[in-house]
Amino acid sequence: MSDMANLLRNVQTAEFALVEANLFLDMHPADQNALDYFRKYQQIYEKAVEAYTTAYGPLTAMQYTGGRWKWTDGPFPWEQAANA
Amino acid sequence: MWIYEKKLEYPVNIKTPNPKLAMAIISQLGGPDGELGASQRYLSQRYGMPYPKVAGLLTDIGTEELAHLEIVSAIVYQLTRNISIEDIKKSGFEPYYVDHTTGIYPQAASGMPFTAKSFQSKGDSITDLFEDMAAEQKARTTYDNLLRLIDDPDVRDPIKFLREREVVHFQRFGEALGVVQDELDSKNFYAYNPQFDR
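One line per chain: the protein sequences are Y and X, in this order. Under the working numbering, the first sequence has 23 at position 23, and the numbering climbs by one with no breaks. Quick note, the working numbering runs 84 ahead of the 1-based positions in the second sequence.
Keep in mind the hints are simulated off the structure, nothing from the lab. Keep in mind it's a predicted model, so treat the numbers as computed, not measured. Just so you know, nobody snuck in bad clues.
The calculated DSS-like cross-link candidates involving lysine-lysine, where the alpha carbons are at most 27 Å apart (straight line), are:
| id | chain 1 | residue 1 | chain 2 | residue 2 |
| --- | --- | --- | --- | --- |
| 1 | Y | Lys70 | Y | Lys47 |
| 2 | Y | Lys70 | X | Lys90 |
| 3 | Y | Lys40 | X | Lys137 |
| 4 | X | Lys137 | X | Lys222 |
| 5 | X | Lys90 | Y | Lys47 |
| 6 | X | Lys99 | X | Lys244 |
| 7 | X | Lys137 | X | Lys206 |
| 8 | X | Lys104 | X | Lys173 |
| 9 | X | Lys201 | X | Lys222 |
| 10 | X | Lys90 | Y | Lys40 |
These stretches of chain Y come out as covered by chain X in the derived footprint (C-beta under 8 Å, 3 or more residues):
| id | region |
| --- | --- |
| 11 | 8 to 19 |
| 12 | 23 to 34 |
| 13 | 56 to 67 |
Here a beta-carbon is modelled for each residue, glycine too, at the ideal position from N, C-alpha and C.
Please put together the full structure from these sequences, using the hints given.
Given below as structure tokens:
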């Protein structure tokens with residue numbers, strides 16, 4: 001796997017944990033285990049996003065940090081090159 | 085509003101194109117139990133939902149369905165990438181090719197274009213949540229049907245992820261139905277519409 005896909009995989013893994021816990025918390029908002037789980041993966045997610053965006057550019061246009069506009073650089077998510 | 089995140093929810097990395105399979109999988113893009121209909125069902129139903137927890141859940145699941153729409157589209161895109169006219173003739177891809185070349189278009193496996201007729205926004209919380217639970221099961225059955233047709237592990241992998249999400253969404257909608265029923269008088273669940281009767 002390319003370094004780009006590998007760093008992206010770290011974002012995807014942490015974000016998936018958050019998406020799943022998000023839906024659970026919608027229905028169980030006072031579940032302390034789920035709240036702790038969400039906090040834990042939030043930190044992992046933030047670090048993974050930082051590592052990816054520093055090396056390969058923004059995941060949302062809001063993450064622009066100056067310099068050249070990389071937002072429309074390929075590969076796009078649906079292309080094999082972004083996932084391999 | 086929505087902001088685009090430049091990544092798939094789950095990776096798609098298909099090495100071997102297979103246009104015939106793409107024509108079956110496209111049903112989960114624009115077919116009767118597909119992800120486009122799912123997203124529009126939940127994102128339409130949420131407006132009248134009088135219980136904030138459930139309106140929030142419909143928003144979040146509707147949003148995840150948009151990510152699933154993108155995954156199914158990526159699968160169809162990669163299955164039809166760089167195919168030749170010979171591949172098209174050999175695989176029976178001609179009916180799709182003649183209308184869309186290899187562009188991604190929301191249609192059922194039968195070729196019927198996406199239609200909003202495949203879902204409801206009934207304006208009744210209990211009615212809508214029962215539909216939502218049924219919709220998740222129908223999508224799960226469709227993914228099971230697809231998995232019986234697919235040998236390539238590169239294609240099975242994201243399809244299995246999508247199947248698993250149907251099971252989780254079904255579970256959450258079941259809990260949402262419980263939330264709504266807890267707010268109502270058990271003697272008139274079906275005689276009173278919490279979105280309309282005041």
